[in-house]
Amino acid sequence: FWDIIHPDFRPLVRERGQARQHGETVLPRYELKIITKNKMERWLDVTLGVIEFEGAPAILGTAFDITSRKTSEEALRKSEANLKAIFDSSQQAFILIDPDYKVQAFNKIAVQGIELISGKELKEDHSICEFILQEDLEDFNSNFNKALAGERVSLERILRIDQTDIWVEFSYHPVFAENDEIIGVCFSTANIDERKKMIKTLAESEDRLLAEIQSILVVTRALVTETNLDKLLEFMMIQARYLTYAAGAAVLLLSDDGQQLEIVRAGDIQQPKLVPADGSELRIEEQLKIPLQGSLAELAMKFQTIQINNQAMVDEQTRSLRAILQPHEVNSLVCAPLVILGKKLGVLLIWSEQENFFVERDRRMITVFADQAALALNNAQLYALHRQLSVEQERQRLARDLHDSVAQSLYSIGMAAETCLRLLNQRGKAGVREPVTHIHELSQVALREIRERVHQLYPTTLVEKSLEENLEIYCQILRKQHGLNINLMIDAALRLSLYQEENIYYIVKEALWNVVKHAAGSTVEVKLVKAGDQIILSVVDHGPGLKGSTIVVEEMFGLRSMKERANFLGGRFEIHSQPGSGTQITVQIPAALKG
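Residue numbering for the sequence shown follows this note's numbering, beginning at 1 and increasing consecutively.
The set of hints was computed from the structure by calculation and includes no laboratory data. These figures come from a predicted structure and were not determined experimentally.
Restraint ranges, calculated between C-beta atoms of paired labels, are given here:
#1 Gly119 to Arg69: 45 to 53 angstroms
#2 Gln354 to Gln92: 36 to 44 angstroms
#3 Gln354 to Glu80: 57 to 65 angstroms
#4 His438 to Ile477: 23 to 31 angstroms
#5 Gln444 to Lys465: 24 to 32 angstroms
#6 His386 to Asp533: 25 to 33 angstroms
#7 Pro11 to Asn38: 15 to 23 angstroms
#8 Gln91 to Gln134: 24 to 32 angstroms
#9 His438 to Thr586: 34 to 42 angstroms
#10 Cys129 to Tyr245: 50 to 58 angstroms
#11 Gln293 to Gly580: 52 to 60 angstroms
#12 Arg495 to Thr586: 17 to 25 angstroms
#13 Leu498 to Ile477: 16 to 24 angstroms
All residues carry an ideal CB built from backbone N, CA and C; glycine is no exception.
Work out the full structure: start from the sequences and follow the hints.
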């Protein structure tokens with residue numbers, strides 16, 4: 001008998017046999033792990049029973065190899081252990097609840113969360129309702145029942161934890177058995193505060209980007225439609241500040257020699273000053289020029305890229321630019337080149353009193369804005385040039401038309417009147433001589449005026465001679481023809497553009513012609529001087545003055561023409577006259593040409 005029993009089982013068989021002989025109950029079944037002769041582990045399901053054999057009790061044993069089953073059970077145990085480890089290490093809280101609201105399972109984070117919210121310790125086989133706040137119980141029951149009905153429920157809300165508001169997502173998911181029967185609900189929570197912050201940040205970024213795009217569209221539309229240079233520069237300055245929330249902005253245009261920058265428009269500069277090396281203070285106003293060399297603007301112009309300096313107070317390259325911004329303490333400075341098709345126009349200067357104020361977003365915005373502004377600035381300058389050329393062409397056309405039509409007609413009238421006078425003298429009809437003589441005189445006056453206007457419209461001498469020479473020639477004509485005593489004084493150091501000279505020439509001629517018509521024979525003083533950054537023209541006569549206490553410029557063509565020309569030059573026109581005290585015309589224009 002013992003020969004057929006595996007040595008590993010012999011002690012067990014002997015032990016159980018003896019126990020049976022002593023009247024003890026023998027367990028009928030055992031699971032044993034044995035090591036075979038070839039050193040392999042095997043699991044056996046062993047059954048031992050006592051039978052009557054040959055008049056004496058005997059033990060009957062059976063064994064089944066259950067190694068495969070035990071291996072599967074061990075793998076399942078390890079899998080469950082790993083799953084539980086993952087379950088407990090999750091940052092989400094999970095609670096498994098049966099249909100009777102009893103807690104069946106949960107992970108560590110769920111224990112911590114329930115204790116934090118309700119102050120209670122989460123336990124199995126307890127009703128989940130014990131751990132839900134009273135004010136949330138109704139909503140919990142509603143969502144729990146929806147999950148039991150097969151619906152997945154998720155909601156987000158803010159919880160107040162440790163005096164801090166935190167976004168939490170609550171989920172109710174039905175739990176299904178193998179036969180698709182719902183056997184419970186998995187209630188879970190997740191901290192989504194960081195996710196909500198990211199969503200908020202992304203939404204803000206999208207809103208900001210949309211606002212930037214809309215701003216750029218508005219700016220582009222305004223830039224491409226505005227042709228008035230003054231208004232365009234003002235718009236550029238305002239929009240640059242608006243797009244970057246900066247303290248101020250300025251537009252600086254490159255001088256003709258390319259060595260200096262001229263401040264043509266500046267904002268938020270109350271009392272700008274420049275401090276030279278000798279320590280004295282020099283007031284800076286618009287139209288003042290500062291050196292380009294060695295400045296942040298030179299880098300912007302050289303490399304044609306945005307230059308941002310967030311430590312402007314300690315950078316020597318920003319010294320000359322900071323000087324124009326006194327008394328502001330400038331800590332952050334942006335210098336954007338205004339360049340179109342390789343043509344350097346100047347720079348856009350933007351500043352802030354805060355340190356590290358400008359960021360990469362500002363670089364992107366200012367780059368787009370500066371490109372659009374440069375295009376608009378170039379268009380405005382081309383428009384101004386086109387306007388000047390158009391005016392000049394129209395003058396030439398009018399001059400030709402007047403010369404070919406009206407002047408010839410007046411000349412013919414004069415010749416006919418002269419012939420009549422000659423015939424009347426021969427035939428002695430004195431009664432007709434006087435009106436014909438009057439017609440002849442009127443035709444001569446009209447002819448002189450037409451020729452004068454033609455000369456004004458198309459003066460070929462303006463390009464060939466200086467302004468002073470041209471005015472002196474005209475004054476000499478008036479002295480001879482109309483007996484005016486004209487004193488002409490022009491500052492010899494004055495430097496004007498051809499466009500300025502042309503308009504000033506016409507203003508002086510119009511003013512002197514008014515003297516001929518209204519104050520013939522009087523003394524006239526004409527002065528053209530520079531005062532600071534302004535050019536002052538004054539024409540004063542000592543005639544009888546204009547009638548009436550108020551002069552309505554728009555009602556007098558000649559005065560209106562002078563006012564329009566002053567406006568062309570970016571200046572202003574004034575006239576003062578009192579009966580018996582003569583008339584004074586004053587025109588004040590910027591020394592630097594605008595437009």
